[in-house]
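Colleague: Sequence:
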Amino acid sequence: MVQQNDLVEYGFRRVIITITAVLCALLEIVDTTIVNVALTNMRGSLGATLTDVAWVITAYAIANVIVIPMTSWLSQQFGRRNYFAVSIIIFTTASFLCGNATNIWELVAFRFIQGLGGGALLVTAQTIITESYPLAKRGMAQAIYGMGVIVGPTLGPPLGGYIVDHFSWPFIFYINIPIGIIATILTLSFVRSPKYGEKLKANQVDWWGIFFLAAFIGSLQFVLEHGQQDDWFNDSTIVTLSCVSFFGLLLFIWREMTYQYPIVNLGVLKDGNLRIGIVMCFILGFGLYGSTLIIPIYTQSILGWSATDAGLLLIPGSITTAFCMPIVGNLIQKGFPQGYLVGGGFFIFFVFTFLMYKVITPDTGTEHFFWPLIFRGIGLGLLFVPITALSLSTLSGKSIGEGAAFTGMMRQLGGSFGIAIITTFITRFGQKHRVDLISHLDGSKYEVQQRILQLQKNFQSKGFSVNESLSKAYQVIDYSVLKQSTVLSYMDIFLYLGMLFLFCIPIIFLIKRGKTKINPADAMH
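Under my numbering, the first residue of the sequence shown is numbered 604, with each subsequent residue one higher.
I should point out that these hints are in silico values taken from the structure, not numbers from a laboratory. Virtual Cβ for every residue (Gly too), placed ideally from N, Cα, C. Don't take every hint at face value.
Ranges between beta-carbon positions, derived for each pair [as the list claims (entries may be wrong)]: (1) F770 x S1042: 45 to 51 Å; (2) I918 x Q863: 47 to 53 Å; (3) L1105 x N1070: 37 to 43 Å; (4) I856 x F770: 35 to 41 Å; (5) N1070 x Y1049: 20 to 26 Å; (6) S771 x M860: 49 to 55 Å; (7) Y943 x V618: 26 to 32 Å.
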């Protein structure tokens, strides 16, 4: 406990450390989403297929989730400051190499290396911020960190869209270089490492633990990213990797429970608050990344917006989140029950999904999105800080880093599950609605015949023959059915997402009672 108090900073040093940590968290998260809008340009310039270019996202995500659970252990081995600085250097160097890649597989390899550096930044930044603030101000610390984590995914698409539209795709990687250099200098100058005791010798390192963890997480991430496009369990690769992931998890748990020097300390999960917190982090990741995915796809594919416009749409909501977070941090500092804040956050997120369910049509305007996205911003502001503060509130010393690693991993996995499940259901629901809509398009009905005749005449007036015009009229009808069925599938997704958040509210009040039991111990720190 003494070690932990030694790390509390005050005044100018704390401000600089906070800025450095938030900058690094922001770098990592912006890079998760910034490439999404540049994939088409990458395909063109590197001569890659759509499946190949998807690996630019997958490789980064796999490296991220593999390294996140190991960050606390690696910090203890190399010293937190050194590990953090090396992670920034790896991330920055890999960014430069990504920008200079000459073919798609070079880019994928460098993105994997970038992901190894980036995953470490996220969790280590959270631990550094948490330990730099005294216990009473932990809520505010998490609010400041949370701004970076929540605003990051939203900043990525508009920033990426702007860079791609005005420069070229390598610049989405090059912009990391100056920020990385500044962050490295600030880290080496200001961040301090706790004293962890003896380091392990090479023969004591949990190599099998690392191997089982990589097999479990890497395979799971691949299955989630590629499941829908490869038709899930009808594909032999998906089936094989699902088995690898399942047995990797079992062997990993067995190894960590029995080995003297485990790479991930599962003992930290004995903390009740952390257990509840990681479940909440999973749901938060599901909602955050899931909704960040649906809205740009819907606005671009159905409404025909540009990547920049689709990204800009999310900015007012992000500003709302950034505005809410310090207020929420302040409320937690004053002792406002965290359970109430989280319950309110889940309810407001439900309001957001319900409003989206109501407003989306094949021709919704920008003005219809404003209030739903403001509600989303408030909901995220109310959820992120209390959940993270709750997860780490009864941990101390090196357990904070271990706890932060679990919350970070579960948020990422929640996002991966969210994206995989949502893309699958959009396809499945879309197919179902298409069948339903076509069954109502009875060719013998007067209205249907009139619509086809009107379209046919329209095409004839443009110089097409009678048969060509009829064929084109059917294509227009088919396209409008496809568009309508896709919109209906998005409506279903928003409705089910809303129900998920609504069902989470009762769990919160169970937490509240559990939390108050632990509070006296909190006060004794």
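Colleague: Does each hint hold? Answer for all of them.
Modeller: Going through the hints against the structure:
1. F770 x S1042: 45 to 51 Å: holds (49 Å)
2. I918 x Q863: 47 to 53 Å: The hint (47 to 53 Å, Cβ to Cβ) holds, given that I918 and Q863 are roughly 50 Å apart.
3. L1105 x N1070: 37 to 43 Å: violated (53 Å)
4. I856 x F770: 35 to 41 Å: Distance hint for I856, F770 is violated at roughly 47 Å.
5. N1070 x Y1049: 20 to 26 Å: holds (23 Å)
6. S771 x M860: 49 to 55 Å: For S771 and M860 the Cβ distance comes to about 50 Å; the hint holds.
7. Y943 x V618: 26 to 32 Å: holds (31 Å)
Checked against the numbered hints given earlier, the structure breaks hints 3 and 4 and satisfies all the rest.
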